[in-house]
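Chemist: One-letter residues, chain by chain:
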Amino acid sequence: MTKDQIIETHIISVLVDDEPGALARVIGLFSGRGYNIESLTVAETDHEKSISRISIVTSGTPMVIEQIKAQLRRLVPIHSVCDLTESGESIERELALVKIINSGDDRIECLRIADTFRARTLDSTLNSFVFEVTGNSSKVGAFVDLMRSLGKVEVARTGVSAISRGNRIDLESK
Amino acid sequence: MTKDKADATKMMAGAEILLKALEDEGVEVVFGYPGGAVLPIYDALFKNNKIKHILVRHEQAAVHAAEGYARSTGKTGVVLVTSGPGATNAVTGLTDALMDSVPVVCLTGQVPTHLIGNDAFQEADTTGITRACTKHNYLVKDGDTLQKTVIEAFHVASSGRPGPVLIDLPKDILMGEYAYQGEGSAVHTEAKARYNPSTEPNPADIKTAVAMLKKAKRPIIYGGGGIINSGPRASELLTELAHLAGWPTTLTLMGLGALPASDPLFLGMLGMHGTYEANLAMHDCDVMLNIGARFDDRVTGLIAGFSPNSVKIHCDIDPSSVNKNVLVDHAVIGDATRILEMLIAEIKAQSVKTDKAALASWWDEINGWRARKCLDFDQSGAIIKPQHAIKRLCEMTRDKDAYVTTEVGQHQMWAAQYYDFEKPNRWMTSGGLGTMGYGLPSAMGVQVAHPDALVIDIAGEASFMMNMQELSTLAQYNLPVKMFIINNEWMGMVRQWQELIHGGRYSESYSNSLPDFVKLADTFGMKGLVARSADDLDNVIAEMLATPGPVIADIRVAKEENCFPMIPSGAAHNQMLLGPEDQAAKPISEEGMVLV
Chain A
5 MTKDQIIETH IISVLVDDEP GALARVIGLF SGRGYNIESL TVAETDHEKS
55 ISRISIVTSG TPMVIEQIKA QLRRLVPIHS VCDLTESGES IERELALVKI
105 INSGDDRIEC LRIADTFRAR TLDSTLNSFV FEVTGNSSKV GAFVDLMRSL
155 GKVEVARTGV SAISRGNRID LESK
Chain B
3 MTKDKADATK MMAGAEILLK ALEDEGVEVV FGYPGGAVLP IYDALFKNNK
53 IKHILVRHEQ AAVHAAEGYA RSTGKTGVVL VTSGPGATNA VTGLTDALMD
103 SVPVVCLTGQ VPTHLIGNDA FQEADTTGIT RACTKHNYLV KDGDTLQKTV
153 IEAFHVASSG RPGPVLIDLP KDILMGEYAY QGEGSAVHTE AKARYNPSTE
203 PNPADIKTAV AMLKKAKRPI IYGGGGIINS GPRASELLTE LAHLAGWPTT
253 LTLMGLGALP ASDPLFLGML GMHGTYEANL AMHDCDVMLN IGARFDDRVT
303 GLIAGFSPNS VKIHCDIDPS SVNKNVLVDH AVIGDATRIL EMLIAEIKAQ
353 SVKTDKAALA SWWDEINGWR ARKCLDFDQS GAIIKPQHAI KRLCEMTRDK
403 DAYVTTEVGQ HQMWAAQYYD FEKPNRWMTS GGLGTMGYGL PSAMGVQVAH
453 PDALVIDIAG EASFMMNMQE LSTLAQYNLP VKMFIINNEW MGMVRQWQEL
503 IHGGRYSESY SNSLPDFVKL ADTFGMKGLV ARSADDLDNV IAEMLATPGP
553 VIADIRVAKE ENCFPMIPSG AAHNQMLLGP EDQAAKPISE EGMVLV
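Chains as they are written, first to last, in the working numbering: chain A, 5 to 178; chain B, 3 to 598.
Treat the hints with caution; some may be incorrect.
[Unchecked claim] Below 25 Å or equal to it, Euclidean Cα-Cα: the simulated BS3-like pairs (lysine-lysine) are:
hint	chain 1	residue 1	chain 2	residue 2
1	A	Lys73	B	Lys194
2	A	Lys53	B	Lys194
3	B	Lys77	B	Lys150
4	A	Lys53	B	Lys143
5	B	Lys561	B	Lys393
6	B	Lys217	B	Lys314
7	B	Lys22	B	Lys52
8	B	Lys52	B	Lys77
9	B	Lys350	B	Lys217
10	B	Lys150	B	Lys52
11	B	Lys77	B	Lys561
12	B	Lys314	A	Lys73
13	B	Lys216	B	Lys77
14	B	Lys375	B	Lys387
15	A	Lys53	B	Lys150
[Said to hold, decoys possible] Chain B is nowhere near these chain A residues, computed Cβ spacing over 12 Å in every case:
hint	residue
16	Ile11
17	Ile95
18	Glu96
19	Leu126
20	Gly145
21	Ser153
22	Gly163
23	Arg169
Keep in mind the hints are simulated off the structure, nothing from the lab. Glycine is no exception: its CB is placed at the ideal position from the N, C-alpha and C atoms.
Next up, chain A with everything else stripped away, as it sits in the complex (with noise of 0.2 Å):
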């Protein structure tokens, strides 16, 4: 396999006028090119100018991670995008939700686990938990797998959202 066949995991960021359809655009983009979302989250950053960021965690070649950057900023709404994987060292943060219903043992295991995590307890019944549990996303899948051995487990998960460390501004809104 040559060096422009490896596939390679990027987590791109995009600041995007908040307006009916930008989400679609993107999305569109996407399943039109045939390129892979991973996770995608989005939210307003920004209430006064009405702009949102997405962060896109997505795969493919050297050539495809190029060609979704530049497709993205061909789009109208959107004001600018960062590559983070790219352009040095970047925080990426995943929240899940995670409900387990159990009994016994496993009930006291699945606390200390918990504990271990990090994940705090939300809510309680006497055959049930919920835990909030934030990390990168190989953290947040361990803790999953290890509830899921444990007893009859539901998750809701945000996807990754990612900042670069530093002082440096990566996205501003013009």
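Place chain B on chain A using the hints.
Modeler: For chain B alone, coordinates are given in the frame of chain A:
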């Protein structure tokens, strides 16, 4: 508020604001078809004496007509259609305009805002449907944003890499009263603030490009539709650049006319049905200068075998075109005119010395390929060869500065090969999407823009029938388009591929039950002509050209002629089929068969 400003701001109905905004953009013609949701606009048009409306017979044709208008003038074409089916019928035209980077603004009616989402009569999710086939689109839900939206739409359609933009207009917005901001008010600048693609090349990139060009011993210039889109000045500059050192130049289907066909440096079109010399020069060059072309698959053939030993410089206005299909060594982003100006200036400033001996031996090699005369054909019998028909058409219209449109298929490739384009903006064809039925409505748009010009639709009989309802439009406005139908009674390109790769099983490709084109012309009050043998051909062309109104010329050509040269699918530039003999000797690979 000063008195001037008070005068500048007026309350008007949405439909009137729309027309005022179109006037502000310099719109003179709109191609459209009325319907329930756009009635307020048609009512306003009735009272308007500045904007001319051309009533088409199908909304797809309205978009193609706007494309023809745009490509022959450089201005933005405007379409006006109703909601639901009006909008969905326009989708093919919009996709065509997107693929070929044609500036079009399409206005669609929509059901009133309070009914959107209720499956109302003639409701369609137009912005949803057209999101993927427009450069950008809008749904105007607030009448106060209408004027700004129109200004931005025209700005987006025409700046950077041009393309189609759609504005969806709910009926209540068209009927409500809103403020119109006159000339000089802030809305005119504000609306253009958000979209600003960079068109000015980076001088350092130009320097690097020239440093690469300097080392060339076997250079080639590969120009595309971006040069045409940049305006006529870019074509002059391309000619100047090519002649600075005498570089061989080839053009894509979309770029024809950017360098005069008669220029000795012109190698002809490249690609699947390009010339032998152009394709082999692309394959064997050491430095390739691509200006405004996008390494389309019809041009490159097999990517792995595409120009394997060259340094590639790609100049394009759209950064996403770079490294999309072919990995290049250097990119210059900007408008073709500016890139060419700066390249020429830099070459002159550095007083670049060409390796004359190397260039001369490169030309020797090219001339050797040229000597194969790949476009030669044998017109000896009474049966008209399609190539001969187009060649004669070209020769007989040489001094007439004709505008030529085509449909899609074999006749389109023959037109590209045998009709010589000396100027930009004279050639309108559906390149990227390959839309059968493009030529007739496109010719209508060209004729509307240039009422006194000679406009010819070189058509195939099958494509022609896809939008022949527009004959009625030609008749209504007496648009003197000459429809030159290369009639071989087959969907020729489909038949050719079936012959080449499907064992001659001609599944559904025969044009059955064709009309008598002469009688068809007659029913619309037009002249109809037919050429059955080679002896008739010149007379028919002469009579067609001498007839003042629209003419259908039915040219009965050889039925099973194939379009050569050809790079079969899945093959590289140096694996061309030059004619029927090659076709038997070089069967198409299994991999090639799955490609389109």
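Chemist: Against the structure, test the hints numbered earlier, and report the numbers of the ones violated in rising order.
Modeler: Structure breaks hints 11 and 13.
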